[in-house]
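Modelling step: build the complete structure from the supplied sequences, incorporating the hints.
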Amino acid sequence: MEGKNIHVWQAEVLANRPRAVGIFELVLSCSFAKEFGLGQFLCLEPLAPESVMARPFSVYTRDLSKGTISLLVKVVGNNTRRLSQLVPGQEIKAWGPLGRTIRPRELSGYDKVFLVGGGVGIAALSLWQNEVFDLGISNEVFYGNKTGAEAVSDLGFIGRAPIHLATDDGSLGFHGLVTDLFAQKVIATEKTLVLTCGPKKMMCRIAEICRQKNLGCWVSLERTMACGLGVCYGCSIETDSGGMQRICCEGPVFSAKEVSNELQARS
Amino acid sequence: MNSKLDLRVQLFGIWLSSPVIVASGTYGTKEFSAIRGFDPRRLGAQVTKGITKDGRKGNPQPRTVETEGGMVNSIGLEGQSAEVVIKEKIPFLAEFGPVIVNVSGFSVQEYVDLAMLLNNVAGVSALEVNVSCPNIHSGGNTPFGATPEAVAEVVAAIRPVTSLPLIVKLTPNVKEIAPIAVAAQDAGADAISLINTVKAPLVGERVGGLSGPPIKQIALRMIREVAEKVNVPIIGMGGISTLEDVLEFLRAGAAIVAIGTANFRNPLIMMELLDQLEEFCRQNKLADYQQLIAFIRKRS
Chain H
0 MEGKNIHVWQ
10 AEVLANRPRA
20 VGIFELVLSC
30 SFAKEFGLGQ
40 FLCLEPLAPE
50 SVMARPFSVY
60 TRDLSKGTIS
70 LLVKVVGNNT
80 RRLSQLVPGQ
90 EIKAWGPLGR
100 TIRPRELSGY
110 DKVFLVGGGV
120 GIAALSLWQN
130 EVFDLGISNE
140 VFYGNKTGAE
150 AVSDLGFIGR
160 APIHLATDDG
170 SLGFHGLVTD
180 LFAQKVIATE
190 KTLVLTCGPK
200 KMMCRIAEIC
210 RQKNLGCWVS
220 LERTMACGLG
230 VCYGCSIETD
240 SGGMQRICCE
250 GPVFSAKEVS
260 NELQARS
Chain U
0 MNSKLDLRVQ
10 LFGIWLSSPV
20 IVASGTYGTK
30 EFSAIRGFDP
40 RRLGAQVTKG
50 ITKDGRKGNP
60 QPRTVETEGG
70 MVNSIGLEGQ
80 SAEVVIKEKI
90 PFLAEFGPVI
100 VNVSGFSVQE
110 YVDLAMLLNN
120 VAGVSALEVN
130 VSCPNIHSGG
140 NTPFGATPEA
150 VAEVVAAIRP
160 VTSLPLIVKL
170 TPNVKEIAPI
180 AVAAQDAGAD
190 AISLINTVKA
200 PLVGERVGGL
210 SGPPIKQIAL
220 RMIREVAEKV
230 NVPIIGMGGI
240 STLEDVLEFL
250 RAGAAIVAIG
260 TANFRNPLIM
270 MELLDQLEEF
280 CRQNKLADYQ
290 QLIAFIRKRS
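These protein sequences, in sequence, are chains H and U. Note that numbering that gives the first Met the number 0 numbers the first sequence so that position 212 is 211, with each residue one more than the last. Note that numbering that gives the first Met the number 0 numbers the second sequence so that position 297 is 296, with each residue one more than the last.
No lab work stands behind these hints: they were computed from the structure. A couple of the hints might just be wrong.
Said to hold, decoys possible - Each pair of labels, with its calculated beta carbon distance range: (1) D239/H / K228/U: 50 to 58 Å; (2) T146/H / T146/U: 57 to 65 Å; (3) E34/H / F91/U: 20 to 28 Å; (4) E175/U / E34/H: 46 to 54 Å; (5) R265/H / G12/U: 50 to 58 Å; (6) R104/H / G36/U: 30 to 38 Å; (7) L63/H / L242/U: 22 to 30 Å; (8) L242/U / T146/H: 57 to 65 Å.
What the hints assert, rightly or not - Below, computed lysine-lysine pairings styled on DSS-like, alpha-carbon distance capped at 27 Å: (9) K33/H / K29/U; (10) K33/H / K92/H; (11) K56/U / K200/H.
What the hints assert, rightly or not - Some chain U residues flagged as far from chain H (calculated, every beta-carbon gap over 12 Å): (12) E30; (13) V64; (14) V111; (15) D185; (16) P200; (17) E224; (18) V229; (19) M270; (20) C280.
Backbone N, C-alpha and C define an ideal beta-carbon position, used for all residues, glycine too.
Listed below in structure tokens is the structure:
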């Protein structure tokens, strides 16, 4: 029988700071932060009383000595607005770790890793970058936003990797899509891996570039989840091989070539 | 400490450890048993997600949408075949108590086949016959649960091929619920589950099933109407999320209750509701389930 590896806890809000226009970094107490593996996520209870579904978030940073984790919250609706208004001392129910863990040894065969984040999707790449860095694998980050004001300026991994910035309006870094910047800059090595998280359209394009250049590509997917635990099947997708996979359980990280239909899906 | 509180309930010949179970499709024994602080054995029974004979990939995305106070789903019964569920899942579930298998079919024959497959399977305590899923269709656009005749046909066809108790889960998407419940009972149902989700828009022209607090009053109305007309026990469900809701459903005539959508915003809600129900009993000096029911129905 499997162990009891999912915690449900009343997380104390330790800090909640604006990091860019409409984006907050929420720091929460989490005494078992080390149990979050690569690719895993957590759910927060919805704060709006009229909401009934769990809210999934990536772990952005963690501090094992202090027992904290942080999340990047982009204000898009009633619940994220309430999250952005939490103040230190308040509590919120959280549960995790959720999703499939990627073992560090799955990375060990690669000699170069590119991390491509779009918007708040950058949050999912931060722990990856730390792991890749610690494994001594050369890595570079691509980070795209609509405008410079929406870009988190003090990313947790700044200084540990070259960061290539792109904005649609040219207000910060490359003027244009991060996917175009990536296509220009990427130089494949013997064993290159590309990890990406962001808008589906962006991930789809990155996966396409990787396919053309014959690079390994992993995508971190998201779908509306009701439970995050694998029981409601609300986030199931059909993979290219025809099987059904729950993003919250078998994912959220998939090999791009397994999920190209999902990456191209409009709905 | 008072004398030991005993909330066991006997339904259709089976002892349930408590009057709280789970609404099919909102819980997995394996998944929830991995949660610290969650003890599946405290639930009256382990209720499976709806299974079909051959298994299904389910409906396309999007499958869920949140609405004001609730949610609409159109999952479409994604799941493995009955054969795989019987072989790989039931033995594990049975470690945690009675197992109720929720079954769905696209034809009367499919329900019969499922009932035969599940009959005599070790660990299975009852079948919950879902004649009400709004997201799959029996050829036409109406579920079997839409008319007394169709419900009677399904139940009467299953009854002779299994010795398991039959719980018939009805749809609220009908004009009159009581005649349908009576038809189910007369055809051999041992219990009635009320209610499944309420038909509502999902996205675009697609429809799905609305669940959560917005359907609670519909569920209560239907439970009262059915409780007046049938003798078999009712499993009450539909938007229950607080202890007050649990008591209200029991008062309305439900023998036990099932928790569904509330599991999503708090995976420990069923444990918390059981704690609160036990506390309620202690405060009111109620020693067992019978006393609890007598107490809350007397107060109404």
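Exercise for the section: Tell me, in ascending order, the numbers of any earlier hints that this structure violates. Expected result: Hints 7, 8, 12, 13, 19 are the ones this structure does not satisfy, whereas the remaining hints hold.
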